[in-house]
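A.B. asks: Taken in sequence, the protein lines are chains V and L.
Throughout the first sequence, residue numbering follows the working numbering, covering -10 to 193 in sequence.
Throughout the second sequence, residue numbering follows the working numbering, covering -10 to 193 in sequence.
By construction, these hints were calculated from the structure, which means they are not laboratory data.
All values derive from a computational prediction rather than experimental measurement.
Treat the hints with care, since some could be wrong.
[Claimed, not checked] Straight-line alpha carbon distances no greater than 25 Å define the calculated SDA-like cross-link-like pairs of lysine to any residue that follow:
#1 V:K107 <-> L:G108
#2 L:K162 <-> L:I12
#3 L:K107 <-> V:A146
#4 L:K107 <-> V:T187
#5 V:K107 <-> L:G186
#6 V:K107 <-> L:T187
#7 L:K107 <-> V:S(-1)
#8 V:K107 <-> L:D135
#9 V:K107 <-> L:R94
#10 L:K(-7) <-> L:R94
#11 L:K107 <-> V:K162
#12 L:K162 <-> V:K107
#13 V:K162 <-> V:S(-1)
#14 L:K162 <-> V:N117
#15 V:K162 <-> V:R11
#16 L:K107 <-> V:P104
#17 V:K162 <-> L:A144
#18 L:K162 <-> V:Q148
#19 L:K107 <-> V:A144
#20 L:K162 <-> V:T152
#21 L:K162 <-> L:A40
#22 L:K107 <-> V:R11
[As the list claims (entries may be wrong)] Calculated Cβ distances over 10 Å to all of chain L for the following chain V residues:
#23 G0
#24 A40
#25 S64
#26 H84
#27 R94
[As the list claims (entries may be wrong)] Just the calculated beta-carbon pair ranges, DEER-fashion:
#28 V:A191 <-> L:Q43: 51 to 61 Å
#29 L:G70 <-> V:D184: 49 to 59 Å
#30 L:D18 <-> V:G178: 50 to 60 Å
#31 V:V166 <-> L:D48: 52 to 62 Å
#32 L:Y52 <-> V:A146: 35 to 45 Å
#33 L:G186 <-> V:N132: 28 to 38 Å
#34 V:N117 <-> L:E157: 23 to 33 Å
Just so you know, even glycine gets a beta-carbon here, dropped at the ideal spot from N, CA and C.
2 protein chains.
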Amino acid sequence: MSIKLGVLISGSGTNLQAIIDRIADGTIDASIELVVSSRSDAYGLLRAQAAGIQTLTMDKSFYDEDFTADRIIASEMRSRGVDYILMAGYMRMVHDPLLAAFPNRIVNIHPALLPSFKGAHGIQDAYNYGVKVTGVTVHFADNRYDCGPIIAQRALAVQEGWTVDELEAEIHKIEHVLYPEVVGLLAAGRVHVCDNGTVEIAPA
Amino acid sequence: MSIKLGVLISGSGTNLQAIIDRIADGTIDASIELVVSSRSDAYGLLRAQAAGIQTLTMDKSFYDEDFTADRIIASEMRSRGVDYILMAGYMRMVHDPLLAAFPNRIVNIHPALLPSFKGAHGIQDAYNYGVKVTGVTVHFADNRYDCGPIIAQRALAVQEGWTVDELEAEIHKIEHVLYPEVVGLLAAGRVHVCDNGTVEIAPA
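Assemble the whole structure, with the sequences as input and the hints as a guide.
C.D. replies: Here it is as structure tokens:
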């Protein structure tokens, strides 16, 4: 079953590129219908355009108290028949107009092992804390920041002497593998959110 | 360099046994000078006695507002020349009379990847949350519960369909390997707490 994706970005879009690449090489049976950016200078917009994907950019005036951006995103995604929306370095919260339109259909990736190190600085915060293991989490978004049912996590042992930049590079490597893997699970219909808020992955 | 250890227990003492075993087979160059229990029915007391280790048990009346238990533990450990105190399923906090006597010399093991899932139910809490990766943390104790500089962590991927009992069994297997490894690092003098509260492990 091929699924239709929308992707939300704000920056360089390396996770977007990883998913574009896995679709292009046939690993994932999916298509990206629309890329939405919260910043006009996001390099990920160029990646999307190079892949022939429609893009929509809303400046910060759309991110208002009426959740105008969320309403537009919900409408545009729905009109394209999008199954799942992927947050990929999207530096905005998603709100009820969008969450309610895509319940357990909005996916986020976070560069730490949630529930540790929520927030915009997960890698640096883990590094400063001195953890010896950190990692990457892919989860469904809900109306709490970096919460929501966990779909997949991968651990990374922090090596002695690593700088925060070295840690960040290794985290990104994992992201670029794990996020496409999760999209593959979604495309295969293997991801099920249980009533208790945990996620079961059905056998292949 | 052989180091002298004290161990604090409250229960079955399986981590104590793992360390006794690694000392007995020569993996760790250390000796256990004293086992202190906060409960007289702790099975770990029998393990200690079987290994010829002195034991001291204080009932709950010693755990008073004057930190009587902590003062006695500090005094008994110091008089035996103990280098490091290992908390091994010890269901009591350690307080300043003991912490100040053994700064960065009291070690705790926690059955989750701190700072996630602090508290007395780390395994169950992680399971209920639905994490896909959890693990074990060995850290120095300080006057905050399950905080303090992290010495070592090991991750465990939670397999689909595991019961909480299966998760617990796998966590304990890791504990029984990781805790002796950390004691080995301490015995080798390779564990250094930095000014910023992180821990560096020196090369072998």
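A.B. asks: Now look at each hint and say whether the structure bears it out.
C.D. replies: Here is how each hint holds up against the structure:
1. V:K107 <-> L:G108: holds, 19 Å
2. L:K162 <-> L:I12: This hinted pair holds, its Cα atoms lying about 18 Å apart.
3. L:K107 <-> V:A146: OK: K107 of chain L and A146 of chain V at ~20 Å, within 25 Å.
4. L:K107 <-> V:T187: Roughly 20 Å between the alpha carbons, so the hint for K107 of chain L and T187 of chain V holds.
5. V:K107 <-> L:G186: holds, 20 Å
6. V:K107 <-> L:T187: Holds: K107 of chain V and T187 of chain L sit about 20 Å apart, inside 25 Å.
7. L:K107 <-> V:S(-1): Between K107 of chain L and S(-1) of chain V the Cα gap is close to 34 Å, so the pair fails against 25 Å, i.e. violated.
8. V:K107 <-> L:D135: holds, 19 Å
9. V:K107 <-> L:R94: violated, 30 Å
10. L:K(-7) <-> L:R94: Holds: K(-7) of chain L and R94 of chain L sit about 11 Å apart, inside 25 Å.
11. L:K107 <-> V:K162: violated, 29 Å
12. L:K162 <-> V:K107: Cα-Cα ~29 Å, so violated.
13. V:K162 <-> V:S(-1): With a Cα-Cα distance of about 19 Å, the restraint between K162 of chain V and S(-1) of chain V holds, given a limit of 25 Å.
14. L:K162 <-> V:N117: violated, 29 Å
15. V:K162 <-> V:R11: holds, 14 Å
16. L:K107 <-> V:P104: holds, 11 Å
17. V:K162 <-> L:A144: Within the cut-off at roughly 18 Å; holds.
18. L:K162 <-> V:Q148: holds, 23 Å
19. L:K107 <-> V:A144: Satisfied, since the Cα-Cα distance of roughly 19 Å is no more than 25 Å.
20. L:K162 <-> V:T152: Roughly 31 Å separates the two Cα atoms, so the pair is violated.
21. L:K162 <-> L:A40: Status holds; Cα separation ~21 Å.
22. L:K107 <-> V:R11: It is violated: about 38 Å lies between the C-alpha atoms, which goes past 25 Å.
23. G0: holds, 26 Å
24. A40: holds, 30 Å
25. S64: holds, 31 Å
26. H84: Per Cβ check, H84 of chain V is outside 10 Å of chain L; nearest 23 Å; holds.
27. R94: holds, 18 Å
28. V:A191 <-> L:Q43: 51 to 61 Å: holds, 54 Å
29. L:G70 <-> V:D184: 49 to 59 Å: holds, 56 Å
30. L:D18 <-> V:G178: 50 to 60 Å: Holds, since D18 of chain L and G178 of chain V (Cβ atoms, about 55 Å apart) stay within the stated range.
31. V:V166 <-> L:D48: 52 to 62 Å: Holds: the Cβ-Cβ distance is about 54 Å, inside 52 to 62 Å.
32. L:Y52 <-> V:A146: 35 to 45 Å: holds, 37 Å
33. L:G186 <-> V:N132: 28 to 38 Å: For G186 of chain L and N132 of chain V the Cβ distance comes to about 34 Å; the hint holds.
34. V:N117 <-> L:E157: 23 to 33 Å: Holds - the Cβ-Cβ distance for N117 of chain V and E157 of chain L, about 31 Å, lies within 23 to 33 Å.
Checked against the numbered hints above, the structure breaks hints 7, 9, 11, 12, 14, 20, 22 and satisfies the rest.
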